[in-house]
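K.L.:
Here are the chains, one letter per residue:
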Amino acid sequence: MRIVVVGASLGGVRTAQALRRLGHDGPLVLVDAHDRVAVDRPPLSKAYLAGDDPEPRDLLTDEQASSLGLELVLGRPATGVDLASHEVVLADGRLPYDRLVLACGSHPRRLGRLTDRAGVHLLRTEVDAVALRDALARAERVLIVGGGFIGAEVAWTAHRRGVAATIVEPLPALMVRGLGPELGQLMTERHRRLGTDVRLGVGVEDVTGERGRLTSRLTDGETVESDLVLVGVGTVPATGWLEGSGLTIEDGVHCDSTLAAAGVPDVWAVGDVARWWHPRLEEQIRVEHWTNAVEQSGVVAKNVLGDAQAYDAMPYVWSDQLGTRLQIVGRVRPDDQVCFVVGTAHDDAFVAVTGDGEHVHAVVGAGATRELMPYRKALVDGAGWSDVLARSAAVSPGTP
Amino acid sequence: MRVRVDLNVCQGHGVCHMSAPEVYDLDPEDGHSIVMLDPVPPEHEDGAQLGVDSCPERAISVVSAAVGAANNAD
Chain Y
202 MRIVVVGASL GGVRTAQALR RLGHDGPLVL VDAHDRVAVD RPPLSKAYLA
252 GDDPEPRDLL TDEQASSLGL ELVLGRPATG VDLASHEVVL ADGRLPYDRL
302 VLACGSHPRR LGRLTDRAGV HLLRTEVDAV ALRDALARAE RVLIVGGGFI
352 GAEVAWTAHR RGVAATIVEP LPALMVRGLG PELGQLMTER HRRLGTDVRL
402 GVGVEDVTGE RGRLTSRLTD GETVESDLVL VGVGTVPATG WLEGSGLTIE
452 DGVHCDSTLA AAGVPDVWAV GDVARWWHPR LEEQIRVEHW TNAVEQSGVV
502 AKNVLGDAQA YDAMPYVWSD QLGTRLQIVG RVRPDDQVCF VVGTAHDDAF
552 VAVTGDGEHV HAVVGAGATR ELMPYRKALV DGAGWSDVLA RSAAVSPGTP
Chain W
13 MRVRVDLNVC QGHGVCHMSA PEVYDLDPED GHSIVMLDPV PPEHEDGAQL
63 GVDSCPERAI SVVSAAVGAA NNAD
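For the record, the sequence lines run as chains Y and W. Position 152 of the first sequence, counting from 1, maps to 353 under my numbering, and the rest follow consecutively. Position 19 of the second sequence, counting from 1, maps to 31 under my numbering, and the rest follow consecutively.
Keep in mind that the hints are not guaranteed to be accurate.
[Said to hold, decoys possible] Per the computed footprint, the stretches of chain Y lying under chain W, defined by three or more beta-carbons under 8 angstroms from a beta-carbon of chain W, are:
hint, region
1, 374 to 386
2, 493 to 500
[To be verified] From the derived model, a few chain W residues whose C-beta atoms are all more than 12 angstroms from chain Y:
hint, residue
3, Arg16
4, Asp18
5, Leu19
6, Asn20
7, Gly26
8, Pro33
9, Leu38
10, Pro40
11, Glu41
12, Glu55
13, His56
14, Arg70
15, Val75
The set of hints was computed from the structure by calculation and includes no laboratory data. Since the model is a prediction, treat every value here as computed from it, not as a measurement. Built from N, CA and C at the ideal position, the CB exists for glycine as well.
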């Protein structure tokens, strides 16, 4: 059986490794448009960007690829899939498959021509991270467009490096999609206390000038001068090449609960590109986090080899910023109430649960990994809101 | 199967414990991972492997039976 994996990044590499571990000894092909396997990305906006990590880590060394017996097809973009003939179409040829895994990930969202200007950075690849790190080393001021996790992490890194940061975010708080409005506002205040200039409810209209002397015009008419601009406004799944293939594409590859592409035989998706039916959350979701790609890889590998396991792990993401580690398990909904179960909103370290008063939707911790675990377990076990709050009242919270 | 946590690399993310609480616990003092099952019995090998795979710092490795063991020291 010949298995082709499109995408030599986290999800693709881990799927290939798991396939071998599970005993697949037939041909295993890893395809990517880039001419090398990706590095591990989380440090690119964290330790590597701060200069703490000298080198990004390879996801797969040449030796590992060779010992796994992988056929690497790199530097050759896939341009389509022929489902009828079971072939991946490349710009310069075709690759037959018996089973196909789509691990093609996502691209950073661009802001039209704004992102083409010299001095305006994106942060996705190792090349991006090197350019941003070097630019920050020479900068006094950085404008960060987008106040999600990436923007907040870069603002923290800039602060540590003595670079004055301004964040522009159209939503009413930083990281509001991940944390919800209340916890988002709490973390926004913490960034502001460090001196980061956070502009909420506005976007960037235009950037003029040149590298080192950029002027950004905001939607509220204000202008911000900076040496460089980082655009971190989320990602879009890399599905352009799959249009017209017969696969259902709806903000990602539409999959069932086992990560199998809907209505199509022999195709699975993994990582950022998979929009799958989450049986526990009872919705079709797409998750762009590291742990999601890793854990899905193991399940997809089993399913490709004949199993049919549903993937129902609770989404998990961490973010290193403000000298601490934020951890989020589950999904905070916009209307959720928030209850601090360890520490308070005034403590550096805390654990909060969010939910609708009946169900717990998420557990959010700052600098409190161990304290977060029992609440995570309660969430995974489906404990009710009042049970979880009763638990927090029963243990004396103390200082984590 | 035996797994080992490199405590110089472990940053206390706790993801291994989330993946397989029966195999990995967290040190009450510093939050570092502690391997609870050594060797890992066959029924928990999947979980142990998931812990290895899901460590953001790659602090956990599968070691040969001859090496193992010495990781439970706090």
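K.L.:
Flag every earlier hint the structure violates by its number, smallest first.
P.N.:
Of the numbered hints given earlier, those the structure breaks are 1, 7, 8, 9, 10, 11, 14, listed in rising order.
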